[in-house]
Amino acid sequence: MSEELSFTLDGRRVPFQDGQTIMTAALAAGFYIPHLCFNPEFTPHGSCRVCLVKINGRMQASCTTPAAAGQTVLSEIEEVREIRRGILQMLFVEGNHVCPACEKSGACQLQAVAYYAGMLAPHYTHFYPRRPVDASHPDALIDFNRCILCELCVRASRDVDGKNVFAVQGRGIKAHLVVNTPSGKLGATDFNITDKAAQVCPTGTILRKHSGYEIPIGQRLYDRKPINVVGDVAALAVSKGGRRHD
Amino acid sequence: MQEFSALVPTIRDIVQRHNKTATRLLQILREVQDSLTWLSAEAINAVAEELGISPDKVRNVAEFYSFLYTEPRGSHDILFSDNITDRMLGNRELLHYLCERLGVAINGTRADGLVSVGATSCTGMCDQGPAALVNGYALTRLTKPRLDRIVELVNAKTPLEQWPREFFEVTSNIRRADILLGRHFADGSALRAVLKRGAEAILDEMMQSGLRGQGGAGFKSAAKWQSCRAAPGEVKYVVCNADEGEPGTFKDRVLMQDFADLVFEGMTVCGRVIGARQGFVYLRGEYRYLVDALKATLQSRREAGLLGEAILGDPSFSFDIDLHIGAGAYVCGEESALIESLEGKHGVPRIRPPFPTTHGYLNKPTVVNNVETFASAAKIAVQGGEWFASRGTAESKGTKLLSLSGDCERPGIYEYPFGVTVRQVLEDCGARDAQGIQMAGPAGHMISAKLFDRRICFEDLATGGSFMVFDHRRDILDGIRNFAHFFVHESCGFCTPCRVGTSLLRDLVDKVHTGHGTRADLEEMRKLGQIMRVGSHCGLGQTAPNPVLDSLDQFPEAYERRLRSTAFEPAFDMNAALEQARWLTGRTDPAAYLDEEALVGAMP
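Heads up: the sequence lines are chains A and B, in that order.
Going by our numbering, the letters in the first sequence line up with residues 1 to 246, in that order.
Going by our numbering, the letters in the second sequence line up with residues 1001 to 1604, in that order.
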């Protein structure tokens, strides 16, 4: 076929097939649009809003908007970057993100996307929510302070692991991640550290026990190259500093 | 608390009455709570067990809706409507008075479990407030003497059925009627028209009429019907959005109370046109008082051959309507969230496309229209599209029901042809001293007197019907603050800009309201508002900053007179933050306190 479907992303031509979104078409063509709740292995969710782009003059989430021929999509323009930074700053103040002390620092998608978007400080007033950690599981620790409600672990546990370990409950600013047991403790579930749900978190919410801080600062996943070059932590093997089990 | 053994049969009975159908989950939880006053973990597990679904799905719903409680609640649950119009009528004083008389904290439950008192979003009684709900039933025109009587009734454990009827009286207050409210409508006439002339012809009339979504979004109704009619599939649905949650609007309540036949008839016509056999009315929980009457109306229509199997004797024309009651979630007014709620889930708006006309209720083609839209459709089916289009403006045909409240002599329902000026409305309702109008509710627009010559229509000022008047005695910022808190409470929490942004914006408005705001905060509000407006997943978050953004432009003085003269003030009080250190060290000397002015001056 000579008539290939395409749209433009920041002036570059992006071919696509029917059924692809702006995001999936851009990724397939090797172009990066920052994202957190999107993971190509799962149905788009559209909740984090970090992947906002300007499509024919209107701001829309690239992960949920179907690609259409002739669309003009703008991503790396200051107007979009400013909105994106604002949304990232909201995520940082909503939870408790203490990057210097976090085991995932340097290999954290949230942090890497924030760097990519040019976010230098959280800017807004911190909410400092009280969110006790859950260390009840023998192999995993959940630090709810770092949860950004992307629901990737919810989706992975339900749709891939078939365990339905996680859920988001509550409305509005009270929405929070829970573990589906009467005690609310991970230790009471059949969660396993090799589950898909253990590999998809874009932050340091779900952590592996018995090891930590093994890779020194300076050599971590995003320390030398930015996320648009390295790729998502969930897509990379553990041996390469990612989260995917080999 | 009931024993587990007593709880299970109650729940089993309720679940069985709903045919063990998971789409009825919200309705089931409402009824379980009616029996048990709150939804304990045991109750939630029992519902899950009986329905054969996982407990987290049930808990998810129970935690989402304001009127469902997962903590113990009094057997009399009193919630004051907390719209700005209720505040204008002194509801806060009444709330404190009642709490004091009952000996209960705000949002608390009395130790004897007999009563809880709290506040809720607008209950749609703005023309007869201050209003409240008791166990979901509307109380109107509250006064201290009335509250004194309520205290006696609660303390005497008098069942609600024995409370004075006048406490629950809801009047319609129709002040101006035009083609929708003013003309007699013979029940069944629209159904006869659609049978006689055929679905195509009625759809043509709808096209000609130019009728647009009267909830305020203004989408062409005929286009919706056409799209749904053309959508593939045997099973289709008609949904009436009676989840009238926008603060300040109550016209759908009046239509459901006085014109239910007209609304049901419009839905039935729609069913015939699109090929649906089942309709739903999603009635907001605050209008629970209407449920019995609506069920009776539906039944009498079935008996008259206007609903159910073989309507008007035509075996090819079957259509029935179910009532579904909400439970306190403004976001469910958004059509895809409403569909989620109808399916028994928590009300988070769906990703669109696909749209409900092709993928709606249970993923089947579905038309969702507002109450007023269906009422208009019934009239159009009888009188024709041209008749309807003879009223209104070029882009906004027909009439609009406005819900007038706030500072005016004659609050109530006003029906006008589209195109009426704000000034005319103000004159008619006796608002002599208006400084501003909150048009179309908090999600709409705040306009000042210099815009009173603007016209109410989709080309100019679009509205779902809320029209709240602020006169010159009012501090506009009180309204803005009320709306900012409203959106924090009503955000569903799904997307970042709305979930976090509504809280950040509320904190900034509070900061200015308490006299700690600076120019930097006003600039911050604008930036934050812009992020929410362009970044949010659905209309709730996109419109939540409107009151702030509008008032910054229209009423800058409302902010400026409260600003500190400094360019910046931190979000926390440094002196207060040092209190614990002073207490620990026993210091009370002046040097233990920061010189705040000097400190602020030192800020960059």
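Calculated from the structure, these hints are not laboratory results.
None of these values were measured; they are calculated from a predicted model.
Worth double-checking, as some hints may not be accurate.
Which chain B residues face chain A? A few, computed with CB under 7 angstroms, are given here [stated by the list, open to error]:
no., residue
1, Asp1056
2, Cys1495
3, Ala1571
4, Asn1575
5, Glu1579
6, Ala1581
Each residue gets a CB set at the ideal place from its N, CA and C atoms; glycine is no exception.
Comparing the hints with the structure gives:
1. For aspartate 1056/B, the interface hint holds, the least distance from its beta-carbon to any beta-carbon of chain A being 4 angstroms, beneath 7 angstroms.
2. Hint on cysteine 1495/B holds. Least Cβ distance to chain A is approximately 5 angstroms, under the 7 angstroms limit.
3. Look at alanine 1571/B: its Cβ gets to within about 4 angstroms of chain A, closer than 7 angstroms, so that hint holds up.
4. For asparagine 1575/B, the suggested interface contact is broken, since its CB lies about 18 angstroms from the closest CB of chain A, more than 7 angstroms.
5. Taking 7 angstroms as the C-beta cut-off, the interface hint given for glutamate 1579/B is violated, the closest approach to chain A being about 17 angstroms.
6. This hint is violated: alanine 1581/B has a C-beta 18 angstroms from the nearest C-beta of chain A, more than the 7 angstroms allowed.
Figure legend: structure checked against the earlier numbered hints; hints not met, in rising order: 4, 5, 6.
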